[in-house]
Amino acid sequence: MLVGHQPKEFLLAVSGLTVSFDGFKAVNDLSFYVEENEIRVIIGPNGAGKTTVLDLICGKTKATSGSIQFRGKELTKMRENEIVQTGVGRKFQTPSVFEDLTVFENLEISFPRGRTVFGSLTFQRDQQVKDRVEEVAEMIFLKDKLNTFAAELSHGQKQWLEIGMLLIQDPDLLMLDEPVAGMSVSERAKTAELLNRIIKNRSVLVIEHDMKFVEDIAHKVTVLHQGQILSEGTMEKVKNDPKVVEVYLGH
Amino acid sequence: MIINSRFFNRSELMGFIALAAVLFVILPLTLDVFRLNLVAKYLTYAFVALGLVLCWGYGGILSLGQGVFFGLGGYCMAMFLKLEASSVENTKIQSTPGIPDFMDWNQITSLPLFWQPFHSLTFTILAIILVPGLFALIIGTAMFKRRVGGTYFAIITQAVAAILTILIVGQQGYTGGINGMTDLRTLKGWDIRPDHAKVILYFVEVVLLFACIGIAQFIRLTKLGRILVAMREQEDRVRFSGYSVANFKIFAFCMAAIFAAIGGAMFALNVGFMSPSFVGIVPSIEMVIYTAVGGRMSIFGAIWGAILVNFAKTSLSESFPQLWLFGLGALFIAVVLAFPNGLSGLWADYVQPRIDRLFASRKSKAGWKDNSVADGAPAE
Numbered sequence: 001m002l003v004g005h006q007p008k009e010f011l012l013a014v015s016g017l018t019v020s021f022d023g024f025k026a027v028n029d030l031s032f033y034v035e036e037n038e039i040r041v042i043i044g045p046n047g048a049g050k051t052t053v054l055d056l057i058c059g060k061t062k063a064t065s066g067s068i069q070f071r072g073k074e075l076t077k078m079r080e081n082e083i084v085q086t087g088v089g090r091k092f093q094t095p096s097v098f099e100d101l102t103v104f105e106n107l108e109i110s111f112p113r114g115r116t117v118f119g120s121l122t123f124q125r126d127q128q129v130k131d132r133v134e135e136v137a138e139m140i141f142l143k144d145k146l147n148t149f150a151a152e153l154s155h156g157q158k159q160w161l162e163i164g165m166l167l168i169q170d171p172d173l174l175m176l177d178e179p180v181a182g183m184s185v186s187e188r189a190k191t192a193e194l195l196n197r198i199i200k201n202r203s204v205l206v207i208e209h210d211m212k213f214v215e216d217i218a219h220k221v222t223v224l225h226q227g228q229i230l231s232e233g234t235m236e237k238v239k240n241d242p243k244v245v246e247v248y249l250g251h
Numbered sequence: 001m002i003i004n005s006r007f008f009n010r011s012e013l014m015g016f017i018a019l020a021a022v023l024f025v026i027l028p029l030t031l032d033v034f035r036l037n038l039v040a041k042y043l044t045y046a047f048v049a050l051g052l053v054l055c056w057g058y059g060g061i062l063s064l065g066q067g068v069f070f071g072l073g074g075y076c077m078a079m080f081l082k083l084e085a086s087s088v089e090n091t092k093i094q095s096t097p098g099i100p101d102f103m104d105w106n107q108i109t110s111l112p113l114f115w116q117p118f119h120s121l122t123f124t125i126l127a128i129i130l131v132p133g134l135f136a137l138i139i140g141t142a143m144f145k146r147r148v149g150g151t152y153f154a155i156i157t158q159a160v161a162a163i164l165t166i167l168i169v170g171q172q173g174y175t176g177g178i179n180g181m182t183d184l185r186t187l188k189g190w191d192i193r194p195d196h197a198k199v200i201l202y203f204v205e206v207v208l209l210f211a212c213i214g215i216a217q218f219i220r221l222t223k224l225g226r227i228l229v230a231m232r233e234q235e236d237r238v239r240f241s242g243y244s245v246a247n248f249k250i251f252a253f254c255m256a257a258i259f260a261a262i263g264g265a266m267f268a269l270n271v272g273f274m275s276p277s278f279v280g281i282v283p284s285i286e287m288v289i290y291t292a293v294g295g296r297m298s299i300f301g302a303i304w305g306a307i308l309v310n311f312a313k314t315s316l317s318e319s320f321p322q323l324w325l326f327g328l329g330a331l332f333i334a335v336v337l338a339f340p341n342g343l344s345g346l347w348a349d350y351v352q353p354r355i356d357r358l359f360a361s362r363k364s365k366a367g368w369k370d371n372s373v374a375d376g377a378p379a380e
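As they're listed, the protein sequences go chains A and B. Numbered as in the UniProt record's numbering, the first sequence ends at 251 without a single skipped number. Numbered as in the UniProt record's numbering, the second sequence ends at 380 without a single skipped number.
Hints are computed from structural coordinates only; laboratory data are not their basis. As the structure is a computational prediction, the values presented were derived from the model and not from experiment. Don't take every hint at face value.
Keeping only pairs whose Cα atoms sit at most 25 Å apart, straight-line, the calculated DMTMM-like set for lysine to aspartate or glutamate is [unchecked claim]:
#  : chain 1 : residue 1 : chain 2 : residue 2
1  : A       : K143      : A       : E82
2  : A       : K60       : B       : D349
3  : A       : K130      : B       : D191
4  : A       : K60       : B       : D183
5  : B       : K145      : A       : E193
6  : A       : K145      : B       : E233
7  : B       : K145      : A       : E74
8  : A       : K62       : B       : D183
9  : A       : K60       : A       : E82
10 : A       : K62       : B       : D236
11 : A       : K143      : B       : D101
Going by beta-carbon spacing under 8 Å, a handful of chain B positions derived as facing chain A [unchecked claim]:
#  : residue
12 : T186
13 : K188
14 : W190
15 : I192
16 : R193
17 : A197
18 : T222
19 : L224
20 : Q234
21 : D236
22 : R237
Partial list, computed: chain A residues near chain B (C-beta under 8 Å) [said to hold, decoys possible]:
#  : residue
23 : N81
24 : R115
25 : L121
26 : G233
Glycine included, each C-beta is placed from N, C-alpha and C at the ideal position.
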């Protein structure tokens with residue numbers, strides 16, 4: 001198998017990834033590699049397959065063919081919760097938090113302990129959990145809202161809460177689907193600041209349309225078009241690529 | 001442990017005390033044995049409702065087949081009682097003495113193999129828990145691992161209820177058929193039919209009910225309880241927080257099945273018979289209605305729902321037998337349209353605030369958390 005041939009420094013190696021929905025290839029023979037501590041942004045026009053790529057990596061959608069290796073482990077054969085336990089965290093496009101639970105409880109559920117049925121029955125809310133929840137709540141600007149029900153948070157605060165839930169998981173690869181969509185200008189700035197703080201010591205895969213935001217955070221940009229890579233490289237390189245300008249940035 | 005001074009918050013504690021006072025003191029003192037036995041019958045449905053609170057209210061898994069588990073528990077108990085009632089001495093007029101009467105009527109000449117272990121009370125008690133538990137485990141695994149949920153799951157549980165009824169009715173020689181198992185007499189030689197036995201059985205049932213309330217409340221307060229709520233809202237988020245959603249659904253479904261089975265077993269003891277009319281589609285839907293009327297998010301609400309709806313059923317059926325089903329239907333529509341959180345929701349919205357104000361003005365210090373789920377905060 002390919003395992004032995006992968007260069008060790010890649011955290012995530014996607015190769016020959018294809019998924020077809022009734023013959024339509026949403027992702028077509030896609031290959032890309034993410035290094036440790038790299039921030040990779042995926043951009044591209046609507047329907048390019050960006051969200052599908054994240055769905056494939058986190059196991060929400062099953063690949064038709066191809067391989068996704070994370071630290072040498074094949075993700076395409078694993079269940080969603082196993083992939084999470086391997087160290088891949090995923091934030092959805094629309095904020096998905098538990099509205100009937102408080103901010104504290106939302107964060108606590110993501111704390112990586114007691115994830116089995118029995119484990120969750122015997123789970124103790126000890127000092128370690130409380131400290132970690134408070135630490136993360138402070139990072140996501142929700143320290144004074146720990147006892148607030150998530151339903152009462154603003155759209156931006158819900159997005160932060162979901163990011164916080166991922167932080168508590170402490171994944172090695174963090175995948176964010178449009179983290180600043182629908183946010184106000186000030187929320188956007190705060191989110192950029194937040195992301196810049198949390199990306200330390202982990203790799204991040206971001207889908208984003210906001211070019212200003214992309215320029216701020218990206219180490220490397222991958223442009224997707226019709227399920228395939230159109231261009232890849234630094235923001236500077238991608239911006240000046242005539243193909244990219246034609247299909248995406250030009251209008 | 002999680003069991004600390006906040007095992008019940010203040011309004012829950014009031015609900016607990018009120019229920020305990022009514023069931024342990026007020027009803028036994030005021031009702032005659034016949035009416036008390038009727039309450040015992042209503043309370044068997046309270047077990048089912050309690051299970052539905054966990055499974056449906058918290059976990060969002062609507063099962064329209066709880067009659068299956070109620071029936072399995074009830075039949076396990078009834079089989080033991082029937083065997084004891086069918087001693088050689090009691091059945092010497094039969095062509096094969098020593099087997100249940102309905103078997104004799106169906107030309108069965110020896111006790112079937114699967115009936116043999118029900119000579120043992122220990123085995124029977126284990127079977128009451130394990131048979132429905134394992135059956136729920138199998139159905140749950142088959143459905144939830146394949147991500148079957150929502151309406152589809154509800155329809156499949158309905159189908160299971162229909163299948164089990166047909167099976168019981170069809171296998172008359174083994175199950176007593178449409179008549180069920182009647183003429184149950186003694187439990188380990190202790191006659192369950194006289195008045196004093198009915199009173200004792202009533203108290204045994206209430207104690208068991210409170211034990212089950214304790215278990216349900218414990219589950220609710222653990223992280224598992226919060227995961228059930230989380231799962232109901234955002235199944236994917238739970239999955240991508242590293243949990244196997246299917247396993248948690250299976251657990252909730254199995255707990256609901258076991259509670260229902262305990263109710264069924266108590267039904268066989270208190271009412272003195274068991275028949276397929278408590279297994280099928282209609283009783284299963286009625287059980288969901290009790291829970292909905294009482295409040296599917298509230299342990300105590302659902303129990304009151306089971307008691308009150310059954311009380312209404314008895315009263316109404318006594319005077320207008322043909323009206324009951326219409327009444328039940330209307331009640332269900334009213335709950336869905338007008339008060340989705342049932343009686344407990346009405347209580348929390350209209351009665352509880354007044355009580356709180358009363359307390360607040362007396363103590364001249366407000367600031368109690370009255371919401372039942374607000375207990376998640378760390379002590380500051």
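ask   = Tell me, which hint numbers fail for this structure?
value = Of the numbered hints given earlier, those the structure breaks are 1, 2, 3, 4, 5, 8, 11, 12, 13, 14, 15, 16, 17 and 26, listed in rising order.
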